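S.K.: Spelled out from the first residue to the last, the chains are:
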Amino acid sequence: MSAVPALPRPARQWRDGELAVLLLLPIALINAIGFILPVLNLARYSFNKSRIGGGMEAVFTWENWAGLLSDPFYLELVFNSVWISLAITLTTLVVSYPIALYLHRASGSWRTFLTVLVISPLLTSAVVRTYGWIAILTDDGPVVSAIKAVGLPAPSLMFNIKGVFIGLTEILMPYMILALMAGFGRLDPRVEEAARTLGATPARTFTKVILPLTLPGIALGCLLCFVLAVSSFITPKLMGGGRVFLLATEIYDQAIVTLNWPLASTLSILVLIVFGAALWAYSAVLRRLD
Amino acid sequence: MPMTSAPEEHLRLEGIGVSFGAVNVIPSLDLSVRKGEMVAFLGPSGCGKTTTLRIIAGLNKPSRGQIKVGGRDITQLPIHDRDMGMVFQSYALFPHMNVARNVAFGLQMRNVPAREAETRATQALEMVQLGHLAHRKPKELSGGQQQRVALARALVIEPSILLLDEPLSNLDAKLRDEMRVQIRALQQQSGITAVFVTHDQVEALSMCDRVVVMRGGQVEQFGTPTEVYERPATAFVANFVGRTNRLKGTVTSEGTLTAAGQQLRSATTLAPGAVDILVRPHRIRLQETGEAANKVEGTVSSITFIGDLVQYAVRVGGGEIVVEEATRRDRSPLAVGDGVTLGWSAEDTLVYPAGEK
Chain A
1115 MSAVPALPRP ARQWRDGELA VLLLLPIALI NAIGFILPVL NLARYSFNKS
1165 RIGGGMEAVF TWENWAGLLS DPFYLELVFN SVWISLAITL TTLVVSYPIA
1215 LYLHRASGSW RTFLTVLVIS PLLTSAVVRT YGWIAILTDD GPVVSAIKAV
1265 GLPAPSLMFN IKGVFIGLTE ILMPYMILAL MAGFGRLDPR VEEAARTLGA
1315 TPARTFTKVI LPLTLPGIAL GCLLCFVLAV SSFITPKLMG GGRVFLLATE
1365 IYDQAIVTLN WPLASTLSIL VLIVFGAALW AYSAVLRRLD
Chain B
30 MPMTSAPEEH LRLEGIGVSF GAVNVIPSLD LSVRKGEMVA FLGPSGCGKT
80 TTLRIIAGLN KPSRGQIKVG GRDITQLPIH DRDMGMVFQS YALFPHMNVA
130 RNVAFGLQMR NVPAREAETR ATQALEMVQL GHLAHRKPKE LSGGQQQRVA
180 LARALVIEPS ILLLDEPLSN LDAKLRDEMR VQIRALQQQS GITAVFVTHD
230 QVEALSMCDR VVVMRGGQVE QFGTPTEVYE RPATAFVANF VGRTNRLKGT
280 VTSEGTLTAA GQQLRSATTL APGAVDILVR PHRIRLQETG EAANKVEGTV
330 SSITFIGDLV QYAVRVGGGE IVVEEATRRD RSPLAVGDGV TLGWSAEDTL
380 VYPAGEK
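Chains as they are written, first to last, in the working numbering: chain A, 1115 to 1404; chain B, 30 to 386.
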């Protein structure tokens, strides 16, 4: 014992590892009960047999998986969903990047004001925002009327994939902007100035310095928006008018309309696999950047 | 350094001014830097030295005035066409590139063929003794190494002017001394014109051919380190460059200078009125025995031992004078309460009109 003035001695000394386990226990429990168990349950359902009328037979069959992977409709559905989500993610990135960069450089109360403006759509439900877009893009809405007024052929922007594309892009923008800004930490204005003094034009400063330094933010934003796009359901359902078939809407239809739970479960697990692939791609990008 | 007949002017600032709204940060600045010389912008923070440097680089726009390099007006030239090599206080290396690619960046931007760029980058790194770290990322380097990479990166493009913005401020004292010598040596070897911004008078005096002492966006004095130190143009310069004692005094209509109830002698001719008298602590002898232009009796009131220096505070009629003396062993040390006779020459009595800060 040392001669340190007598401090009240803790009843028990926790070792670091023990303490970490103890602190992680609550979230681990919540995740186990609220996430892992249901997913395992879902995985189990995907091997059940569906009965006409919505019942399930607890057997173990590969029927659902085999059926899914051999049906051109579902293969196209998966392919379309992934492709459209990627395209939406990319569009969201392109329109969000300048905003995020501007916000990153803005300062003081102006920056606070703009950030609140960016986040404010998140305070409104996606349903309301989707109905807003329907009102704007519908055949006699302001956008189509304006295009007609200029004398161009009237496009059909609602109840097809175009409407879904526009609506989802706008809905995902706040997420993309926030993720980009979170990833812009390495962007030091002095580094940009260094590039400029070394002879880089603004364009080359962007491609050689700004863009590479913001790649972590871009990767994070794309991952987030891709996942949100694939799993988005309300916007494609409402703006697609029942004519746009994507993974999330199909899962809803199978689970709620057709009452084929095993197939809905199989599709859900498939979505999870797609997300796994996205996560893998994200971490691969991050590893390369380091 | 031997002076050639008429050193050619390289950089010229004419009536450079900066205003933010109604605030005149820099009223009007005129400055001329010769080819191959290293000039320090010295002053306290907020004196406009960094702003002026950034205006030369093109990173800030002046509200008025012109910048000329080699006689050519570059005021409207974009940053990337100015051909300046800038070294930042925060190093500002590209974190996603290794050291070699950082150094080669400026060459790449000038469309120098890849192989040549690589060779020149390697040479530049050798020049700062970092050839062996070419493949490291900046974050794997120490602060001093990063600053040397930044220096190599700025020099490799053979810029028309090298701009250094407080390059040593983030380094520890010992490293700063080494870097000072190294930067000066590299600048002299390459014969490049350099502008060095600093708030540290030691850096300015020891590294640069000439020093611009700035204050409130204006030039207080522009001269060689010796001129600035020995013949400060204003009381501000005397205070900022080196340490001083300040005494309040008056000049009578006959031109005699009195302070602390005593007559003092100065080498400068004086206008009658209230004056501030500045004397550098190390120019005062503690135990004056011979003839001196200025002789003041006093008592030692405190002694501070600094190592190579001892500071004595000496109480004289109505004031206190600090005297600095190199540590010595050839005589018994003074003690508090000892009577001393201070002595200094007329050249060391710097006199300025009172009220000047």
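Accuracy of the hints is not assured; some may be wrong.
Simulated crosslink set (SDA-like; lysine to any residue; CA at most 25 Å straight-line) [what the hints assert, rightly or not]:
| hint | chain 1 | residue 1 | chain 2 | residue 2 |
| --- | --- | --- | --- | --- |
| 1 | B | K166 | A | W1224 |
| 2 | B | K64 | B | S48 |
| 3 | B | K168 | A | I1144 |
| 4 | B | K90 | A | V1257 |
| 5 | B | K166 | A | R1225 |
| 6 | B | K168 | B | L106 |
| 7 | B | K166 | A | V1399 |
| 8 | B | K168 | B | G220 |
| 9 | B | K166 | A | G1299 |
| 10 | B | K168 | A | V1196 |
| 11 | A | K1322 | B | P73 |
| 12 | A | K1322 | B | A289 |
| 13 | A | K1276 | A | A1296 |
| 14 | B | K90 | A | L1403 |
| 15 | B | K168 | A | L1329 |
| 16 | A | K1322 | B | N127 |
| 17 | A | K1351 | A | G1299 |
| 18 | A | K1322 | B | L106 |
| 19 | B | K166 | A | Y1396 |
| 20 | B | K168 | A | A1263 |
| 21 | B | K168 | B | M126 |
| 22 | B | K90 | A | R1219 |
| 23 | B | K166 | A | L1301 |
| 24 | B | K90 | A | L1301 |
| 25 | A | K1322 | B | G172 |
Short derived list, chain B residues pointing at chain A, Cβ under 7 Å [said to hold, decoys possible]:
| hint | residue |
| --- | --- |
| 26 | A86 |
| 27 | L106 |
| 28 | F117 |
| 29 | S119 |
| 30 | P124 |
| 31 | H125 |
| 32 | N127 |
| 33 | G135 |
| 34 | R139 |
| 35 | V141 |
| 36 | A143 |
| 37 | Y258 |
Output of the computed footprint for chain B on chain A, the stretches with three or more beta carbons under 8 Å from beta carbons of chain B [unchecked claim]:
| hint | stretch |
| --- | --- |
| 38 | 1220-1230 |
| 39 | 1284-1291 |
| 40 | 1305-1311 |
Read the hints as simulated data drawn from the structure, not as lab findings.
If you're wondering where the values come from, they're calculated on a predicted model, not measured in any experiment.
All C-beta atoms in this analysis are idealised placements derived from N, C-alpha and C, irrespective of residue type, glycine included.
S.K.: Give a verdict on every hint.
M.R.: Verification of the supplied hints:
1. K166/B - W1224/A: violated, 36 Å
2. K64/B - S48/B: violated, 29 Å
3. K168/B - I1144/A: Judged against 25 Å, a Cα distance of about 39 Å means the pair is violated.
4. K90/B - V1257/A: Violated, at about 42 Å.
5. K166/B - R1225/A: violated, 33 Å
6. K168/B - L106/B: Violated - the C-alpha atoms of L106/B and K168/B are around 33 Å apart, more than 25 Å.
7. K166/B - V1399/A: holds, 18 Å
8. K168/B - G220/B: Cα-Cα ~31 Å, so violated.
9. K166/B - G1299/A: Measuring from Cα to Cα gives roughly 18 Å; hence the hint holds.
10. K168/B - V1196/A: Not OK: K168/B and V1196/A at ~38 Å, beyond 25 Å, violated.
11. K1322/A - P73/B: violated, 36 Å
12. K1322/A - A289/B: Judged against 25 Å, a Cα distance of about 66 Å means the pair is violated.
13. K1276/A - A1296/A: The given pair, whose Cα atoms are some 30 Å apart, is violated under the 25 Å limit.
14. K90/B - L1403/A: Cα-Cα ~35 Å, so violated.
15. K168/B - L1329/A: holds, 18 Å
16. K1322/A - N127/B: holds, 13 Å
17. K1351/A - G1299/A: violated, 37 Å
18. K1322/A - L106/B: Cα-Cα ~22 Å, so holds.
19. K166/B - Y1396/A: holds, 23 Å
20. K168/B - A1263/A: violated, 58 Å
21. K168/B - M126/B: The given pair, whose Cα atoms are some 10 Å apart, holds under the 25 Å limit.
22. K90/B - R1219/A: The given pair, whose Cα atoms are some 18 Å apart, holds under the 25 Å limit.
23. K166/B - L1301/A: Since the Cα atoms of K166/B and L1301/A sit roughly 16 Å apart, the hinted pair holds (cutoff 25 Å).
24. K90/B - L1301/A: Measuring from Cα to Cα gives roughly 23 Å; hence the hint holds.
25. K1322/A - G172/B: Cα-Cα ~24 Å, so holds.
26. A86: Holds, about 6 Å.
27. L106: Status violated, d = 12 Å.
28. F117: holds, 5 Å
29. S119: Holds, about 5 Å.
30. P124: Hint holds; P124/B Cβ to chain A Cβ min 6 Å, cut 7 Å.
31. H125: Result: holds, 5 Å to nearest chain A Cβ.
32. N127: violated, 13 Å
33. G135: holds, 4 Å
34. R139: For R139/B, the interface hint holds, since the closest Cβ of chain A sits about 6 Å away, which is under 7 Å.
35. V141: violated, 10 Å
36. A143: It is violated, given that the least Cβ distance between A143/B and chain A is near 14 Å, above 7 Å.
37. Y258: violated, 32 Å
38. 1220-1230: Coverage by chain B is violated here, the residue count being 0 at a Cβ distance below 8 Å.
39. 1284-1291: violated (count 0)
40. 1305-1311: Three-residue rule met by the stretch 1305-1311 of chain A, so holds; n is 6.
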